[in-house]
Amino acid sequence: MPSDQFLQEVLLPAAAKDPKGETPMHIGLRYLETFGSTALSTSPFKHKIVGLDAYGKVTSPLRRYGDMILHWQIEAALREEARTGRSLVTDKKVEDVDRRFLPFSANVLNTIIVGLQPREKMISRSKSYSEMFWISQLLFRAHHFGETALPLGKTLRAYVHDDFSGHATFGWGVGCYIMDLNVTGTLMQEVGSQQVTAKMGDVWECEIEQVDCYKRVVILKAVRLLERAEDGPG
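Residues in the sequence shown are numbered from 217 upward in steps of one, following this note's numbering.
These are computed hints drawn from the structure, not numbers from a lab.
Note that the Cβ used here is the ideal one computed from N, Cα and C, for glycine as well.
Now the in silico label distances, taken between C-beta atoms and shown as ranges: (1) H287 x V439: 49 to 55 Å; (2) S219 x A293: 31 to 37 Å; (3) S303 x S276: 24 to 30 Å; (4) T306 x S253: 26 to 32 Å; (5) K308 x Y430: 54 to 60 Å; (6) V330 x T364: 43 to 49 Å; (7) K233 x R280: 41 to 47 Å; (8) H287 x P235: 48 to 54 Å; (9) R295 x F261: 24 to 30 Å; (10) K415 x S259: 38 to 44 Å; (11) L245 x Y430: 23 to 29 Å.
Could you build all of it, start to finish, from the sequences and the hints given here?
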């Protein structure tokens, strides 16, 4: 569903039902998904989340090859402006402007982007996996071996943001956000003889059932329903 349609038909009506006019988190997350993901391009295009017709960023050239390329391009442009004494800003189309002074042409950049885009996603995913691994290690040692005491009490609050999260070892559950730890987890739909019907937008009081360090997953067991999005506190 397009962003504008989702806003009018889903997000705004949901916010109108809330006493404080707030949008439920699970609907807000779905709304953000309608904007798409980050993309690399040699031509400017609208950045919907930021609300700009064009957007670009560059960080330290010591971090990634893509940042090095951008710094080389920027340096070449500044040197060209200093040499000619005039600004390179123009209303002309990109293909109608001479940019031969740049170290990387548009064709070369488009070729580089093919491999650079998935590499950037891999870097982000690896960083996220690394952080979650060490969080899992902490919770694993605290829960299963009592090596440290977590200042959180016995139970945690879990906000259900997804209606499905499969786990081969422990069965099926729903994706949730552990509010007290600021990490994601899986709330199991069935633990022993206990059957849980969790819906997106629910807030459940939970206990840690298992911590899987290999898959970086915190498995939660429901204690009681605290809040349901459509009918307020439970």
